[in-house]
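What follows is the residue order along each chain.
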Amino acid sequence: MSDFRLVSKPALSDRTPIVGKHISLEALPEGHVILVMGKPGAPAAETQPVSLSDGQPNAVRTAGPGQWLVVGDQPRTQKEIEALFTELGADIYGVDQSAGRVRILVHGTMVERVLGKGTSVDLAATSFPVGSATVTLIGHIATHMTRTDVFAFELMVLRGFAESLWDDLLEMCKEFA
Amino acid sequence: MTSYRLQTGGLIDRQTPVSFTFDGKRMLGFEGDSLASALLANGRQLIGRSFKYHRPRGILTAGSAEPNALMTIGRGGRTEANTRATMQELYQGLEAKSQSRWPSLEFDIGALNTLLSPFLGAGFYYKTFMWPAPLWEKLYEPFIRKAAGLGKATYEADPDTYEKCWAHCDLLIIGSGPTGIAAALTSGRSGARVILVDEHSASGGSLLSETASIGDVSASVFVQQAMDELHSLSNVQILTRTTAFGWYDGNVFGAVERVQKQVALPNVALPVERLWRIVAKKALLASGAEERPLVFGGNDIPGVMMATAMRTYLNRYGVAPGKDVAIFTTNNSGYALANDLEARGIVPVAIIDSRPDGNSAYAGKARVINGAFVSDAHGGKALSSVSIFKSGIAETIKVDALAMSGGFSPVIHLACHRGGKPIWSDEQSAFLAPNGLKGMELAGAVATTVGIAACLEDGANRAAALIEGLGFKTSPASFGTVERDIVSPAAKPVWNIPGIKGKAFVDYQNDVHREDLGIAVQEGYGHVELAKRYTTNGMATDQGKLSNVNAIGLLAQARGVSPAEVGTTTFRPFYTPVSFGALTGAYHGEHFQPVRKSPLHGWAKKNGAIFVETGLWYRSSWFTRDGETTWRESVDREVRNVRVNAGLCDVSMLGKIEICGKDAAEFLNRVYSNAFLKLPVGKARYGLMLREDGMIYDDGTTSRLSEQRFFMTTTTAYAAGVMNHLEFCAQALWPDLDVHIASSTDQWAQMAVAGPKARLILQTVVDEDISNEAFPFLGAKEVSLFGGQLHGRLLRISFSGELAFELAVPASYGESVADALMEAGRNHGIQPYGVEALSVLRIEKGHVTHNEINGTVVPADLGFGKMVSSTKGDFIGKAMVAREGLTSSERPQLVGVIPLDPNTSFRSGSHILEKNAAARLENDQGYVTSSAFSPHLRSTIGLALVKRGSERHDEEVMIWNGIRNEFTPGRLCNPVFVDPENEKLHV
Amino acid sequence: MASLVPCPHCGARPKEEFTIKGAALARPTPDAGTEAWMDYVYLRDNPRGLYEEYWHHTSGCRRWLVVTRDTATHDIEHSRDVALSQLTDIRP
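Protein chains in written order, with UniProt numbering: chain S, 1 to 177; chain D, 1 to 987; chain R, 1 to 92.
In isolation and in its complexed conformation, chain S is listed as follows (with noise of 0.2 Å):
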């Protein structure tokens, strides 16, 4: 069936983006999403990673110790995540999770008061700095978050819960949207 035209189906597809004066919400493109497993606290499990991504600012995430989520807008072909898992070396291992965790950036000057609805990490930029990033729950639902920009955070969640953490995600921006 070389001939069937197969789709990618993203898990927000039927949710529309929220765009606020003070808040908004968007699902991010499915692009890839390569989780990075290393002995904690080893050097090369700590540069490894940056050498795999797509360059962007925070690219590379800090998921846990000795862990990362390499993560970008597009695509990787399963050659290409070959060939990444192959350059990581004898002591570092990549697991694809590219479709297994969906990314929504919520960002707006009033991020922090509607996240902080649901996590109780201390988002001031004082605490949590551009570039950090952390897994937390949000509601009862546990998200790898990252701020990217001073009123930008990501939050990336496994894709079955994506529906439910964007309809919580709504109601708790409802106020400021």
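Hints in this document: simulated from the structure, not taken from any laboratory.
A few of these clues could be false.
Estimated spans, in silico, between C-beta atoms of each pair [stated by the list, open to error]:
no.	chain 1	residue 1	chain 2	residue 2	range
1	D	Ser19	S	Ala125	45 to 53 Å
2	D	Asp216	R	Glu16	49 to 57 Å
3	D	Lys678	S	Thr16	48 to 56 Å
4	D	Glu707	R	Thr29	27 to 35 Å
5	D	Leu583	S	Glu80	31 to 39 Å
6	D	Pro680	R	Glu16	19 to 27 Å
7	R	Glu16	D	Pro159	46 to 54 Å
8	D	Pro159	S	Thr86	25 to 33 Å
9	D	Leu921	S	Thr16	23 to 31 Å
Glycine included, every Cβ here is placed at the ideal spot set by N, Cα and C.
Based on these hints, arrange chains D and R on the given structure of chain S.
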């Protein structure tokens, strides 16, 4: 009923009248009024009936400790019972109703309870329980049910929204009176992150009721200026209408903000209440002090009020309490009121001061009677006179309002929420906060500081010290001179007032009077915790804010000990009641819990799936077709079709875990009871995981994709638990192993394609050869699909017992690939099947699930004895699985069961009895773990765990459902009903 | 309402982000004998005071921690990553 609005004064907006109703009667107040002040301004003093005796009650306080003025506010789904009129801001169109009265507030039949009062005293409930049982159902219970409870909840759904949120700060200041404001200015100016909360609608606390001046401006102007500055500081967050209700571990404070409780129709974009969890590096408790009532006869008659409350109504709301006002006080608080009343032209008719020397500084016009007590107040629905007791001589004075002040209790509740016990101070006549609090300090009146000037100074100094401790530079804010600052130092408390004739109430809300406490002591319930339960003192919505200390004082006197020895009951959150709505936040209805959706959800939906919730997942139960009227018809068709043609089932929700590392094989060898070390690349193996106690934990298939990479599947239910368990093993048990674990459940859309035609269909999308020779049973490999368009993983495993494959593709392509397989399989009769058919297929094949893996079975019980390696040095469960009891020949074992007559049936959970044994549990041989109608055998079939089951095939038994009293003669058999030789798997 | 548990990797987080396994006991060797295994699997101390427990930061960094908690006050004395003890011992 002679309270009235003064022509001038108060912090109300006389240009903006506000219309409201009380018990249906229309009244007018002003913007800035509380419901209580508006009612008083309308001459309304009788506002409710008491809980037990249905006595007429009036407004007692001007704050959150109010025990009497509980009202039902709003209508429809917004009806809210037990709202304190003293805390409720007046709004246009507010509807308030009084409670605990029938048929009306003015004429209440329940008031006859007063005549029954000898029977309704302390221990009433306990004593009633002892009475003859027949009376209980007919008489007491209906009586108590009608009388019990405060207010009525609505049955209608709440139309409003609520939310929860977190906040963080360097310093949390609780209370915005003089202490809190001074602390906020001091810390706010330093740049520290400060949150200032106050339960009232406006900041200022007691300053809003003051006639003092601070630095040449009135107290209220001072507040305005201070708040303007604080609002201008971006590092200061001011939360009014926000009650800090609890202090929790980790220095987290719970607070509830009433965002829109002051409007009739809330803005739908905003919550009506917001629950804050405030993480504070340090907290300053500036909650002030609560004035204590005095316990004299008739102290509950409408018109009797706390002195500070009367002062608030006078100064803040411009409401005079009456024309003939008396003041009964044990301290100087009463004199501050006397001065303010006189300034508004109402000279008190008498100040009755319990102190023999009174207040020598008083220069007002009122008659002062020192060393005297009010022994009784008189009146019915309104106060008419008071009896004064002095050296045995009684005098009665006509009054229409009486203010009382029995001293002050610091509001230490929050300081005691983390287990610290309050400490009695004889000097202060009050319970003080525990010592050595971590993360919290107290300042101002709650720390026994008295007077505005001293509180300003204390707040500034303590805040400065706290903030400096956090590394900020600051100096305490300073303020101008305070004029007319009436300082009320602690005075000797008066617990027992002489000469009382009427009922003297200690706890207004629970109708506990002085004698009840005496009875409690007499009957052996004098311990403070017992007295509370016996008398109900300190219970219900106000939790004894006004009554506890008086009760303790009376208990102490009755027992002849000091209040220190009596001690207090435990202070627990919440300080004031918190609505269920606020505690629930947004997490109800659709948001109650997250929904996990399979990447094939859309495919299943368009193919007619009926969904079922399994955990958080929505799984396809079955797929209804035209003409099918029962679920069984659909399921039977799906099962038959898998056995004859082919079916496609969504198994994406199975847990999927990627395990990598040099020691990944060794790791698996230790977490599974069977061997995995030598699993070849390209092969899948069924594995059993045990718990350390030897019981089976979970089962699943693990495939080796390369030397150092494995792909594990788990059951849906245990996916999260297995992941946690593997991480525990890798991190806590064997951190020396080089192993890395990642959940990839959501990465893959996984489809089981099962049935004799499965290969034909799959081969059309899989680029590689999947013939039996090239890809035999238990093959596992990464495959190219659709001519290289896509990459996936293919496993040749079977849950149904048919020739079957599981194909995993990246989740975003799942629906498209499922569509393609349906298209490719159309001529081969492919049909989707759901978890019901899946379950029938597996029971027919004798495959187990968590119905059988019930936490009490070991591998041998299920016929998996050979899957417990005897050669491995270690694996989870190894040590315990060999225990005597787990190897006994008497253990239940997996067996099949069928009815003798295929036209009869039985249910899961039924017990197995020997053929002629009596239906008693002692004859129990085991039970049916799973059952289904098998279209293949045209009979109900079941799996069961039966004592020595594997030896008892062909034995006739009785299948007994004791709950439904059903008996089905049956026969035990081989649990594999279909293809016991496994020929179909290898074609 | 809230309890914050200090995670050496993520900072203080509410208890809802964690899964508690129970006493942090050392696993006996496979041949340690029935008594040692019965102790490990079934018997628990119930002290008033400090108690070492395994906590998993399930909705966070997914690391297993050893949290030393006072059973009477809930105060947490310290917490460390079970596999990275030397790197991560923290006191809140």
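Okay, the hints, checked on the actual structure:
Checked against the hint of 45 to 53 Å, the C-beta distance between Ser19/D and Ala125/S comes to roughly 47 Å, which is consistent with it. Checked against the hint of 49 to 57 Å, the pair Asp216/D and Glu16/R passes, with Cβ atoms roughly 52 Å apart. Between Lys678/D and Thr16/S, the C-beta spacing of about 53 Å keeps the proposed range 48 to 56 Å intact. Restraint check, Glu707/D to Thr29/R: a C-beta distance of roughly 29 Å satisfies the suggested window 27 to 35 Å.
Our hint of 31 to 39 Å for Leu583/D and Glu80/S is violated, since their Cβ atoms are close to 49 Å apart. A beta carbon spacing of about 43 Å between Pro680/D and Glu16/R contradicts the range 19 to 27 Å that was offered as a hint. The hinted window of 46 to 54 Å between Glu16/R and Pro159/D is violated, with their beta carbons roughly 28 Å apart. As the Cβ distance of Pro159/D to Thr86/S is approximately 59 Å, the hint placing it in 25 to 33 Å is violated.
Separated by about 59 Å at the C-beta atoms, Leu921/D and Thr16/S break the suggested range of 23 to 31 Å.
Of the hints listed earlier, those the structure fails to meet are numbers 5, 6, 7, 8 and 9, in rising order.
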